[in-house]
Amino acid sequence: MSELFGNEAWWVIILKALLVFVVLVVFTLFNIWFERRVVARMQHRVGPNVWGPFGLLQSLADGVKLALKEEIFPKHAHKVVYFIAPVIATIPAFLAWAVIPFGPEVTIPFTDTVTPLQLTDMPVAVLYILAVTSIGVYGIVLGGWASGSTYSLLGGVRSSAQMISYEVAMGLSLVAVFIYAGSMSTSEIVAAQAEDTWFALPLLPSFIIYMIAMVGETNRAPFDLPEAEGELVGGFHTEYSSLKFALFFLAEYINMVTVSALATTMFLGGWRAPWGISQIDGANEGYWPVLWFLGKTLLFVFLFIWLRGSLPRLRYDQFMKFGWKVLIPASLAWIVVVCVMRRLIIDDDLDPTKILVVAGVLVVALLVVQFIPERRTPAVEAPEPDAFAGGFPVPPMPGKQPVAPSGAPVAPSGEKEA
Amino acid sequence: MTAFWLLAPIMVVAALGVVLSRKAVHSALCLAVVMISLAMMYAMQDAPFLFAVQIIVYTGAIMMLFLFVLMLVGVDKTDSLVETIKGQRLVAIVLGLLFGGVLVTVVAQAFVGPVVGLGEANADGNVHGLAKLLFNRYVFAFEATSALLITAVLGAMVLAHRERLEPRRTQRDLALERMQRYAEHGEHPGNLPTPGVYARHNAVDVPALLPDGSTSEISTSKTLRDRGVVRDGAFAGDVSVTMRRLEADGPERGRVEPPPSTPARHDGEEDL
Numbered sequence: 001m002s003e004l005f006g007n008e009a010w011w012v013i014i015l016k017a018l019l020v021f022v023v024l025v026v027f028t029l030f031n032i033w034f035e036r037r038v039v040a041r042m043q044h045r046v047g048p049n050v051w052g053p054f055g056l057l058q059s060l061a062d063g064v065k066l067a068l069k070e071e072i073f074p075k076h077a078h079k080v081v082y083f084i085a086p087v088i089a090t091i092p093a094f095l096a097w098a099v100i101p102f103g104p105e106v107t108i109p110f111t112d113t114v115t116p117l118q119l120t121d122m123p124v125a126v127l128y129i130l131a132v133t134s135i136g137v138y139g140i141v142l143g144g145w146a147s148g149s150t151y152s153l154l155g156g157v158r159s160s161a162q163m164i165s166y167e168v169a170m171g172l173s174l175v176a177v178f179i180y181a182g183s184m185s186t187s188e189i190v191a192a193q194a195e196d197t198w199f200a201l202p203l204l205p206s207f208i209i210y211m212i213a214m215v216g217e218t219n220r221a222p223f224d225l226p227e228a229e230g231e232l233v234g235g236f237h238t239e240y241s242s243l244k245f246a247l248f249f250l251a252e253y254i255n256m257v258t259v260s261a262l263a264t265t266m267f268l269g270g271w272r273a274p275w276g277i278s279q280i281d282g283a284n285e286g287y288w289p290v291l292w293f294l295g296k297t298l299l300f301v302f303l304f305i306w307l308r309g310s311l312p313r314l315r316y317d318q319f320m321k322f323g324w325k326v327l328i329p330a331s332l333a334w335i336v337v338v339c340v341m342r343r344l345i346i347d348d349d350l351d352p353t354k355i356l357v358v359a360g361v362l363v364v365a366l367l368v369v370q371f372i373p374e375r376r377t378p379a380v381e382a383p384e385p386d387a388f389a390g391g392f393p394v395p396p397m398p399g400k401q402p403v404a405p406s407g408a409p410v411a412p413s414g415e416k417e418a
Numbered sequence: 001m002t003a004f005w006l007l008a009p010i011m012v013v014a015a016l017g018v019v020l021s022r023k024a025v026h027s028a029l030c031l032a033v034v035m036i037s038l039a040m041m042y043a044m045q046d047a048p049f050l051f052a053v054q055i056i057v058y059t060g061a062i063m064m065l066f067l068f069v070l071m072l073v074g075v076d077k078t079d080s081l082v083e084t085i086k087g088q089r090l091v092a093i094v095l096g097l098l099f100g101g102v103l104v105t106v107v108a109q110a111f112v113g114p115v116v117g118l119g120e121a122n123a124d125g126n127v128h129g130l131a132k133l134l135f136n137r138y139v140f141a142f143e144a145t146s147a148l149l150i151t152a153v154l155g156a157m158v159l160a161h162r163e164r165l166e167p168r169r170t171q172r173d174l175a176l177e178r179m180q181r182y183a184e185h186g187e188h189p190g191n192l193p194t195p196g197v198y199a200r201h202n203a204v205d206v207p208a209l210l211p212d213g214s215t216s217e218i219s220t221s222k223t224l225r226d227r228g229v230v231r232d233g234a235f236a237g238d239v240s241v242t243m244r245r246l247e248a249d250g251p252e253r254g255r256v257e258p259p260p261s262t263p264a265r266h267d268g269e270e271d272l
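Protein chains in written order, with this note's numbering: chain Y, 1 to 418; chain A, 1 to 272.
No lab work stands behind these hints: they were computed from the structure.
Hints are not guaranteed to be accurate.
[Claimed, not checked] In the BS3-like style, the derived pairs of lysine-lysine whose C-alpha atoms are separated by at most 27 Å in a straight line are: (1) A:Lys23 - A:Lys86; (2) Y:Lys65 - Y:Lys75; (3) A:Lys23 - Y:Lys79; (4) Y:Lys69 - Y:Lys79; (5) Y:Lys75 - A:Lys86; (6) A:Lys23 - Y:Lys75; (7) Y:Lys79 - Y:Lys65.
Generate the whole structure from the sequences, applying the supplied hints.
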């Protein structure tokens, strides 16, 4: 951890805080446009393409329109809580970015001041991110409760249950990273990945668990049950309009970027250039790393959008069962494996390359097993379909001829009986 | 110390709010404020790990579960003020005063000054120092606490567990049952019609209209029907008004027979 953190001039801190704010708001506007364009492409549509180059200004226009809409207070709303809930949801979303590293130490242009491209850092930075996101849940829950509507309440309760459960899996998947990096500070984790490899490779199971948990944590499709339109109208924000709704919207998109940035920092080497570019001199110095960082983050945002474009929503009980009975036990078991492996590597009883070789052999063996043809059991002859089984009409299975009640096959269409 | 003097008034006000607010949810919120301020106090005293854990565990998980229960159980109820245990209030007041007296005496005797020894305790970093203490010197106490907690969790599971007497009915079983009922009694297997379909309003108390213009009784909630607050089809009336206007305009123009107001007809009259 750099000595500079916590000992910088006040104007540097204010400048960096302002930049983080601006980057987040602009990134949100970009992400809304990006999501609409990508989803549109996946659905053979064009998406917003009128305002600004490639329609880039569409989300700005939408934002202005949203802010100018009428503000509605429902009759049964609890005024104070209803009013502060969106604020509680939004502020922690911004706060989490205080410890995300954008790049290495740089000189601020036109001055001699050297500063790391990160607002601040602390020994428990990652825990701090988990803490502020857990405060953000309050905004959603309170918004749902204070609206005085059943849909909102159910949406709020769903989201709280969901975010708490998936935060457990998320935290457990990060434990393996802490063990490998020997620190919980974000800048040190990035530094540890510079010496080692990106943690996504040796800690692949953690990476996969984290990626699933981050989708659950941010209430995004296919885990967007708190705002399932078919069941809950809009979930916790059903009764919200105008700027207050915009704040919820902003918080959701920032949270999406936050977990993406955290995934980049923890598993994909943070701001360090990917292999191939990192061989070029100066790729990891100056302001270039910001580009690599934002690029990797955008990769995860694209993953979010891709998931939304391809997967249907899960059923709530299956979703919870998956979180508690699959993700959490799997990450617990994996942590035990990592602890043992780490101890053996530190004591020089085990060569890290040996582990990779064993893991590679296992993966290849699994793949080979997949290609072995299954022994086919002779198909049991299906009984003659009964069109009125149990007294109600049964359509034929695909590829079967419908059978008339008397047993005579129905004449194919087009050949009308005289 | 500035942080203390900033946070202390907030904490005291929030703590009073916990006791004095009428709504349980507001009390819970005030408690959350107290907890977050407490976490900031920890951070001020060079205990960043405790700061993060206090917020994650207490504010993020435990308080959230409290809130969860409060919201679902008593959304709008204020507590009843009837004493269930005789003399409970008196005992509570006396004990509370005694405890408060002890607390004030002890705190008043404490020496308030700059905190010392933090640098020494955090020599290898806060997290490492804490881990060293927990897993060396206090390892037995730590393990005993975890055993106690696990026992409590198991107890909660045993208490909440209920033996299942019959096999769980799957979605498939339910669907088959529904179709069986349709085959035997002609009960409609699908969803009930939603209120307001084809009617003038889509409010819950406006029944849906059937193709012949009559209203579908089962499209409204039974509670509303029993209370007698269901509005009429909201169409028949409009039609008659329109008809009267048309007739006033002149008998020749666009005469339409009003739909006969037949009673609602639907398979499956009873509630599913």
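Structure-based check of each hint:
1. Taken as a hint, the lysine 23 of chain A and lysine 86 of chain A pair is honoured in the structure, with Cα atoms around 25 Å apart against an allowance of 27 Å.
2. The straight-line distance between the Cα atoms of lysine 65 of chain Y and lysine 75 of chain Y is roughly 24 Å, inside the 27 Å bound, and the hint therefore holds.
3. A distance of roughly 13 Å separates the Cα atoms of lysine 23 of chain A and lysine 79 of chain Y; the hinted pair therefore holds under the 27 Å criterion.
4. For the hint pairing lysine 69 of chain Y with lysine 79 of chain Y, the CA-to-CA distance comes to about 19 Å; that is within 27 Å, so the pair holds.
5. Between lysine 75 of chain Y and lysine 86 of chain A the alpha-carbon distance is near 40 Å, which puts this suggested pair outside the 27 Å criterion.
6. Distance restraint check for lysine 23 of chain A and lysine 75 of chain Y: the Cα-Cα separation of roughly 18 Å lies within the 27 Å cut-off, and the hinted pair is therefore satisfied.
7. Between the alpha carbons of lysine 79 of chain Y and lysine 65 of chain Y the distance comes to roughly 24 Å, so the proposed pair stays at or under 27 Å and holds.
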